[in-house]
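Chains as they are written, first to last, in our numbering: chain A, -8 to 86; chain B, 23 to 163.
For the record, the hints were derived by calculation from the structure and aren't laboratory data.
The structure displayed is predicted, hence computed values, not measured ones.
Facing chain A, from chain B, some residues (calculated, C-beta under 8 Å):
1. Tyr44
2. Leu72
3. Leu75
4. Glu160
The following residues of chain B were derived to be distant from chain A, with all beta-carbon distances above 10 Å:
5. Leu28
6. Phe39
7. Leu86
8. Ala94
9. Leu96
10. Thr104
11. Gly105
12. Phe109
13. Phe115
14. Tyr122
15. Phe123
16. Pro126
17. Ile127
18. Phe128
19. Val150
20. Thr151
All C-beta atoms in this analysis are idealised placements derived from N, C-alpha and C, irrespective of residue type, glycine included.
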Amino acid sequence: MIKTILIISMAFLTFAIFVTIYRLVKGPSASDRIQALDVLGINIISGVAIFSVFLRNTGFFEVILLIGILSFIGTIAFARFIERGVVIERRKQSD
Amino acid sequence: MKTNDLILQTATKITVFIILAYSLNLFFAGHNTPGGGFIGGLISAAAIVLFLLAFDMKTVKKALPFDFKKVAALGLLIAALTGMGSFLFNVPFLSHTFGYFDLPIFGETELATAVLFDTGVYLVVVGVTLTIIQTIGEDDD
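Go ahead and model the full structure; you've got the sequences and the hints to work with.
In structure tokens:
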């Protein structure tokens, strides 16, 4: 029973990931692509969670937190690059 | 144009400590569960990278006045000395041992010398990653 539910939810999740990839390929501007990458990271988190329930294994819980942190930092770095042109500033911006 | 990163900087001040705590958890949990020195070092480097993204190079250098090349060297030294420490007990290079000790808060705990070696790995990973990022970030365009 629970296996069927997990497989069905995994199928829906795969569909969501494919739709996100469509936006990633097609997206007219860079911001669309970055948002698609962020959503893709969150979908992968839920995929890992479903998979670890499927395998009855707690060894993947670290991966969930890890993808969350890395996706957050990556999105911020891309956003900085679009807004400022540099990722890491050398000194405080004089106002 | 005057820019304002108030939301990013406030969120970073809280998130950096959560990420550092998670990296320490991964580091100490590496013996019995997934984790260890390598991934712990990478995650704490990621915390400092988030700090670099929200603020700027000068502020972070003032807040963390380490020469990260020396941190990597210190890590290598710790790893090598842990390996050589086994010579004092007439056993082969890099032999490890463990024992059970009564600690004040934790009760009976298993302490292994592999943690010392892992500390070396952790420091090398943090040092190398941040040296690469700071060297690239300081490039004059």
